[in-house]
Every structure is written in C-alpha cells, then in structure tokens.
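Engineer: Sequence:
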Amino acid sequence: MTDFRTVFRQMPKLSTGNHFGGRLVFDGKGYLFIALGENNQRPTAQDLDKLQGKLVRLTDQGEIPDDNPFIKESGARAEIWSYGIRNPQGMAMNPWSNALWLNEHGPRGGDEINIPQKGKNYGWPLATWGINYSGFKIPEAKGEIVAGTEQPVFTGKIRPL
Numbered sequence: 001m002t003d004f005r006t007v008f009r010q011m012p013k014l015s016t017g018n019h020f021g022g023r024l025v026f027d028g029k030g031y032l033f034i035a036l037g038e039n040n041q042r043p044t045a046q047d048l049d050k051l052q053g054k055l056v057r058l059t060d061q062g063e064i065p066d067d068n069p070f071i072k073e074s075g076a077r078a079e080i081w082s083y084g085i086r087n088p089q090g091m092a093m094n095p096w097s098n099a100l101w102l103n104e105h106g107p108r109g110g111d112e113i114n115i116p117q118k119g120k121n122y123g124w125p126l127a128t129w130g131i132n133y134s135g136f137k138i139p140e141a142k143g144e145i146v147a148g149t150e151q152p153v154f155t156g157k158i159r160p161l
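Using the UniProt record's numbering, read the sequence shown as starting at 1 and increasing by one per residue.
These are computed hints drawn from the structure, not numbers from a lab. Be aware that a few hints might be false.
To be verified - Cross-link-like lysine-lysine pairs, in silico, DSS-like; alpha carbons within 30 Å at most: (1) K137 to K120; (2) K120 to K72; (3) K118 to K72; (4) K29 to K72; (5) K137 to K29; (6) K142 to K120; (7) K142 to K118; (8) K29 to K120.
Stated by the list, open to error - Pair by pair, the computed Cβ-Cβ distance ranges are: (9) S15 to I145: 32 to 42 Å; (10) D66 to F26: 16 to 26 Å; (11) P95 to G17: 27 to 37 Å; (12) E73 to V146: 38 to 48 Å; (13) W96 to N18: 25 to 35 Å; (14) D27 to F136: 14 to 24 Å; (15) D3 to Q117: 13 to 23 Å.
All C-beta atoms, glycine included, are put in the ideal place defined by N, C-alpha and C.
Turn these sequences into a full structure, and let the hints steer you where they fit.
Structural biologist: Written out as structure tokens, the structure reads:
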C-alpha cells in the first residue's frame with residue numbers, strides 16, 4: 001500500500017478511557033462494519049445522533065450506503081446500522097452463514113454475542129442481564145426485557161437463572 005486516506009473518524013474525540021470497542025470487519029459485499037463502544041457514557045448508546053455505542057456501516061470507500069436504516073431519519077446519524085451496544089470487543093463474519101457476529105463485553109453477567117441486524121436496538125443500557133461490577137444495579141436499566149429491544153436467545157445448559 002502506498003496511499004492512505006481517512007474514510008471514517010469517530011467524532012467527537014472523547015477521553016473517558018473506557019469502552020472504546022473499535023473492531024473493523026468487511027462483509028464480503030464491499031461494506032465496512034465499525035463497532036464503537038459507548039465510552040462509559042451509557043445513555044449515548046440509545047442516542048441516534050451520536051456514534052457511541054453503535055455499529056456503523058460504510059462502503060469500502062467510506063461512503064454511507066443508501067440503504068442504511070437511519071439515512072432518512074431526521075437527527076439520526078446516517079452511518080448507524082444498529083445501536084444499543086456497550087463495549088464491542090470482537091467481530092467476525094461467520095464463514096458458514098456469512099452473518100456478522102459481534103461479541104459485546106457487558107456489565108457483570110451481561111456479556112453478549114449478537115448477530116446485528118439492520119436498524120435493531122440491542123438495548124444497552126436500558127435492557128441488560130448484568131449488574132455493575134460493584135454489585136449495584138445499572139441505574140438506567142429497566143430490566144432484562146424492554147419493548148423495542150432485541151432479546152437474547154439462550155441455547156444449551158448455560159444461561160442466566
């Protein structure tokens with residue numbers, strides 16, 4: 001490679017020191033997915049006018065695809081693919097299904113593996129199965145199940161009580 005150019009920059013620049021996320025994956029169709037943490041500013045994950053706590057989708061040239069879910073929504077960032085994400089730490093394309101998988105570090109007891117879908121809300125911080133590491137409840141949390149958010153599907157013998 002000889003020429004480099006910036007195709008995306010997370011703005012505003014934040015200095016909170018936590019929950020950066022920051023994984024990049026191309027999906028094989030020419031789209032770049034960028035997973036962004038909420039930077040320890042919980043409510044931003046639900047704000048569609050901010051990029052913290054979001055999964056962003058761009059073309060391989062850094063342009064916003066015409067079919068992104070919030071492209072025509074007033075006040076929303078057109079780059080957003082899905083939202084309500086705390087701290088994404090892993091992301092990959094499933095080689096058998098071609099689905100994007102995203103690993104999210106949740107609060108204590110609240111880690112998730114999601115298959116992010118267009119326009120969906122993954123709940124953070126309103127819906128969570130976890131608690132603060134101190135043992136206290138998440139102040140913004142309304143419970144494990146909140147209308148309008150995607151709910152976990154548990155398989156096998158390991159799941160919350």
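Engineer: Note whether the CB distance of D27 and F136 lies within 14 to 24 Å or breaks it.
Structural biologist: 38 Å Cβ-Cβ, so the 14 to 24 Å window is violated.
Engineer: Per the hint of 38 to 48 Å, is the separation of the Cβ atoms of E73 and V146 within bounds?
Structural biologist: Given about 20 Å between the Cβ atoms, the range is violated.
Engineer: Does the hinted range 13 to 23 Å hold for D3 and Q117 at CB?
Structural biologist: violated (35 Å)
Engineer: For the pair supplied as a hint, K29 and K120, is the alpha-carbon distance within the 30 Å limit?
Structural biologist: holds (20 Å)
Engineer: Between the alpha carbons of K142 and K120, is the straight-line distance 30 Å or under?
Structural biologist: holds (18 Å)
Engineer: Has the given pair, K118 with K72, been kept, meaning a C-alpha gap of at most 30 Å?
Structural biologist: holds (14 Å)
Engineer: Taking 16 to 26 Å as the stated bounds, is the beta-carbon spacing between D66 and F26 within them?
Structural biologist: holds (18 Å)
Engineer: Is it true that the CA of K29 sits at most 30 Å from the CA of K72?
Structural biologist: holds (22 Å)
Engineer: Does 25 to 35 Å hold as the CB distance between W96 and N18, or does it fail?
Structural biologist: holds (34 Å)
Engineer: Keeping to a limit of 30 Å between CA atoms, is the pair of K137 and K120 held or broken?
Structural biologist: holds (24 Å)
Engineer: Checking one constraint from the list: CA of K137 to CA of K29, max 30 Å. Satisfied?
Structural biologist: violated (41 Å)
Engineer: Looking only at beta-carbon atoms, does the pair S15, I145 fall within the given range of 32 to 42 Å?
Structural biologist: holds (34 Å)
Going through the hint list in order, the structure does not satisfy hints 5, 12, 14, 15.
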